[in-house]
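Protein chains in written order, with this note's numbering: chain A, 105 to 215; chain B, 71 to 420.
To be clear, the hints were calculated from the coordinates, so they are not data collected in a lab. Everything hinted at is true.
Here's a subset of chain B near chain A, in silico, CB distances under 10 Å, partners left out: (1) 236; (2) 278; (3) 280; (4) 281; (5) 282; (6) 284; (7) 285.
Simulated pairs of lysine to aspartate or glutamate, EDC-like, Cα-Cα distance not exceeding 16 Å: (8) B:240 x A:182; (9) A:117 x B:333; (10) B:290 x A:142; (11) B:165 x B:199; (12) B:243 x A:182; (13) B:166 x B:191; (14) A:120 x A:134; (15) B:223 x B:191; (16) A:120 x B:341; (17) B:240 x A:183; (18) B:255 x B:242; (19) A:150 x B:288.
Ideal placement from N, C-alpha and C gives every residue a C-beta, glycine not left out.
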Amino acid sequence: MSKNYYDAADLRKFGKITEWSEELGSKFFDYYGKVFEEGALTAREKSLIALAVAHTEQCPYCIDAYTKDGLQRGVTKEEMMEAIHVGAAIKSGATLVHGVQMMNKVNKLEM
Amino acid sequence: MKKSLKARNNDIANTSKQLEILSNGIFANGELPTFAEKIKETNQFPLRPKKLEILQINLGYMCNQVCEHCHVDAGPDRKEIMTKETMQQCLNIIKKTAAHTLDLTGGAPEMNPNFRWFVEEAAKAGIKDFIVRSNLTIIRANKKYYDLPAFFKKHNVHVVSSMPHWTRGKTDKQRGDGVFDKSIKALQELNAVGYGMPNSNLKLDLVYNPSGAFLPGDQKALENDFKKALLADFSINFHQLFAITNLPISRFLDYLIASDNYEDYMHSLLDAYNPAAVANVMCTNTISISWDGWLYDCDFNQMLNLKVASKVKHVADYNEELLQNRNIIINQHCYGCTAGAGSSCQGVVA
Ligand code: SF4
Ligand code: SF4
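In isolation and in its complexed conformation, chain B is listed as follows:
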């Protein structure tokens, strides 16, 4: 099995190295404007938070897969996972916050040994939309996970799953051999307990990331193609498809550089820059919490180790009012959120 950048001691595992790559070259020589310069054109600098709507909690970087494009650099060799103490601190926040969405992510969040306890406790907090990001194959990884669909159903969790394509070849290329067949089986099992069925309240959405150095096409058209193919070939139903742009960080950045696509990709992001998407990028209504309890503007800033620019930086001393009064930290990777129809964890934003 492939290894994470970290386990390979790859330079790019170092976040300051990533930031250096992002800031130099085409941005330092003036060929392309920096993201800050670009949003100044429409008086959107500094980027400021709006009302907090989403709490995104990363339960750890451990994962049963090692996908090519993973911006978390997750994998079986990553041991960073959230402790029960930090979970407890998160639960205190969940109970107090007015945010309507809780979004659990990873790695594979299900691999955290306290995952089920945390879901049970969090479900009691009365969150409106309780999302678990499941990579699907975990449901089929081994016996102890087979009952996950029933467990999700019991707590009325909204399942959001990654699926790069409706064909085996493209899916396995991005996510590893055998991933397609396991994902199909997992989707069928989720359908069997009622997830994703046309009139079901058990929400099952798919996430699509392009498998290479190109941007996602129209979300609605892709959703239609996915629906048609998955239904015809495997009798699978799901609700919505979120098309997400790959941000040039971590393993995807490594791929872009190794395949000599980095500059072209940054040009594509800039060509597709949409000022209307800036107002709705996910950092404006989200707080992202890492496995070790640090606070970030978004999942991507978390992976670049760019903690919130606020006096409050950790769940231990969480203060929503103070946090709301901060500037969001931006860098060139933010172009990924503002290309075309824009991109966030929940698909297009503009």
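Chain A extracted, bound-state conformation:
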């Protein structure tokens, strides 16, 4: 058994999750594959969105996967870092905007 919670080599085993639930696993991968196809957004744009979300979700597997995917598509490191800042800005904005709820609650409770 690995001593770490995360093992980079486990990413290669991701496909195996279908083994214990063929139907649900396959449905997920079908959906996943479809989502990343070229559509109204280019596959390149989707890859950058995925990279940003991988960071806000803090998933090391997705970070590795979409960093590599971006490089394959010719995405530059500057573009990648900008995408991550977009994710970080939304994440911090989302935290801060909840401050309004706190303010509302304070205003309601305080005399």
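For chain A, the structure is supplied; the task is to place chain B with the ligands on it using the hints.
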């Protein structure tokens, strides 16, 4: 300037060392199937040649650059170049063969002192597609090369040039400081004589190799991105982009091992293995000739010193019929040709 593996006396300059690395580890312990095992699954073993279409001739390993990923291990310190006698033997073959494409490569083929003579003679042989692989910077290396665009035009040569990225940083990292600016200038000069312009017959194609331990993305999408950026930033036009996978040999193998990426890279190649690409790998329609006249199934086998498995092994006794009746020599590096959409000197194959 950096040096070739050979000049550094690096272990990996030794081809048997490379073959040992490729055959052991994950392939010997059964973690990954060998390429032979893999193509047996679809009854494609042994790999056999189809009709010969391309003659690829390496005019020498001398080069003005020392790119990180170079599978030739070329550089200014490499002195191996083709003699005029061997060129003459090649010309005899070019005149006789039914192959429609002649592909001159190196190193920097232009650095061979008999390069121009050879091009002039070969151009007379009536080859349909006459390719010269130019690294671009050679055109700007010094005065004696400045007229290369005009020379190429005179002989209606199809210029295929390497360009790792449309940004300076990525290009210089792979190919050396200053390479990007010189390449841009060279491309503009090729455009100025008519190469690569939208309706021009003077063909200018670019070759893209990933600058690291990852595979090339979709060729068409990369071509669009290259075209958009080069046109907007530098008013440069070109025709097609060939996306080529880096094969795990020579300097790229050295890089993979030093950066601890070798196993992951082999896994990536295998994950992307595409049985449909096997039928069109370039060894099936190409013969590769080295600077010293030996015959190989492809440029990569040439660099691994794996000569053709045929009674005929040298241009001196070239016999196309006999050569066609051989098995192609394969090893684990061949996974590089069959990953994703496949890869050959002319881009994707599947
Ligand atoms: S990749 Fe091409 S330009 Fe670079 S060192 Fe090798 S032969 Fe020369
Ligand atoms: S490396 Fe050479 S022999 Fe192997 S598949 Fe590619 S072209 Fe064929």
